[in-house]
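S.K.: Using the sequences and the accompanying hints, generate a full structural model.
There are 2 protein chains.
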Amino acid sequence: MAEPFALGMDLGATTVTTLAYHRRYGVLVRTRIPSRVSDGPAATLKRLAAELKRVRALSEVPWAAYKAVGLGAPGPLDLKAGLILKTPNLKGWNRVPVARRLRRAVGLPVLLENDARCAAWAEFRLGAGRGCRDMALLTLGTGVGGGIILDGALRRGPDHSAGELGFVYLDRNPGAPRAAFGLPGSLEALASAPALVRAARASLGRGKTGPLWRLCQGRPASADAAMLHRALRLGDRHATAAWDQAGQALGLAAASLINALNLERLIFGGGVMQGGGRELLSRIRRTAKAGAYPQAFRRCRIGAATLGPEAGAIGAAELALGDPA
Amino acid sequence: MAEPFALGMDLGATTVTTLAYHRRYGVLVRTRIPSRVSDGPAATLKRLAAELKRVRALSEVPWAAYKAVGLGAPGPLDLKAGLILKTPNLKGWNRVPVARRLRRAVGLPVLLENDARCAAWAEFRLGAGRGCRDMALLTLGTGVGGGIILDGALRRGPDHSAGELGFVYLDRNPGAPRAAFGLPGSLEALASAPALVRAARASLGRGKTGPLWRLCQGRPASADAAMLHRALRLGDRHATAAWDQAGQALGLAAASLINALNLERLIFGGGVMQGGGRELLSRIRRTAKAGAYPQAFRRCRIGAATLGPEAGAIGAAELALGDPA
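Residue numbers (this note's numbering), protein chains in the order written: chain U, 2 to 326; chain X, 2 to 326.
Incorrect hints may appear among the rest.
Copies of one chain are not kept apart here, so a pair can be met inside one copy or by any two copies together.
To be verified - The calculated DSS-like cross-link candidates involving lysine-lysine, where the alpha carbons are at most 30 Å apart (straight line), are:
1. Lys290 / Lys54
2. Lys92 / Lys47
3. Lys290 / Lys81
Don't read these hints as lab results, they were simulated from the structure.
M.R.: Shown next as structure tokens:
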């Protein structure tokens, strides 16, 4: 029997990425639409189902050749029941049975998985993690997500909540920066895109000169990620300070993960890496080297994700296809 | 064929624990001798071999009924080659082939394993971890060690260096307390026995009253762990401050581990727990609850190790016996 196709979908807070995927032929069709999750679950699910049908039609492959749909979504999820639970990234969503609804709409089994774990699985099978057995991916975007693969298996844990690397803590001080969730000093509070912008804005408030000051026209509150990336290239000290903060926090998290788990690869992806990845990686490596056991550090290659923003949808499709025949 | 016996030995920085062990009959004989590792590897190994022979004789079980020796030792180790590598806890030891030397001396295969991982395995099989699949043990003593069990298997990693939970980082500030190894802000720098003593001494320097001040007769430098434990029971604020620091750091580490790995049990052992375990656990739970994802936190039971200081030697013997027939 011919190997089947799968539809992969990544439901982000702002964008939905959908693709038609085959293990041999790769990605046949890819689309991106705004997710508009604030419309509420019912309207969003209708749009997701329509998009799956559209991508299937664009692929010109009959439904019968499709085995399943893989859906990556922000956690926390109930994977067994196929529910999106209450989550800060999808406001107003609570115990939404996405898997069942989409299955009914498109007539294929739907596998739900955490979005960052999908991306980690894609990098492991097809990207920067190829050829290793033990790795973690950290995605640095609006939030910080993660996925851990140990002995070649995706770590889910008994409640399917493993891999939340944005809530590893690196600063025990009560005044440390904090994210929407958890205690101060989490990785998400120190190294997400908003954390970088916050750090640069705070730095601007203390010294009103340099490229970033000019780019934001003297209004720190209007400084954004794109300006930061440009300013970083120009050697701006405010952008540099933000990168130093994130790089050090990520480096400590890397050292902690290497010491705890003895990984072969630590891979960083997400929007923050696209804008200033090289600068971040050098900082991460420097701190990780100083904080990790030497032999464990030597084993671990620290690098950038290679599959880009499609990783989540590709991983969802890969997982939906299941083990190779 | 009858189930075999094993000798289990835990080589600590100050004490060697040795025992004769059988899966059905438990611990038959146990001894403790000073390790005197500063005598150097050759003299120490001779003493270890003599102790194994002595315990075998005390067990009144013939050599033929013994299958193997399990040896727990402080990391880093090269498990495949059976070497103790250079380590801060065994000064002057470097690439010492302990497994081969002991095997030659006693005529049994010798399995070398990290001491904290041995203790974790013992707790998993026979102690506080019984009945779960995913757990971590943290041992709080002169140093902080750890062992992680995932899906029922001891996590070693490609270089056998996994589980070094003393070097998970909780304070990114350069002025944070530091241990003998790594960067400032490690768990070992914040929650080991010496870290507690350091914190209490620093607190004494700022306020020269209370039970601990009287116990140490006004000399903070002479305050030790035993005084701290007594003072803690008396509600002393310096001891309380030290426990607050350690409990918060351990709670953040617990939250990080729960978020990253979705564990069913987090178990704390070692000398620090014997002196003030209940007080520490309540602090750990409070911080972990505030920092972890709710559903993952609810799944995880946080508690004390139950096997005491023999855990390492028992785990070493258990591992040496291998999978049950």
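S.K.: Does each hint fit the structure? Answer for all of them.
M.R.: Verification of the supplied hints:
1. In this homomeric assembly, Lys290 and Lys54 never come within 30 Å of each other (Cα to Cα): the closest approach is 48 Å inside a single copy and 43 Å across copies.
2. Taking CA atoms no more than 30 Å apart as the test, Lys92 paired with Lys47 passes inside one copy only; the shortest distance there is 17 Å, against 66 Å between copies.
3. For a Cα distance limit of 30 Å, the shortest separation of Lys290 from Lys81 across copies, 24 Å, qualifies, whereas the shortest one inside one copy, 39 Å, does not.
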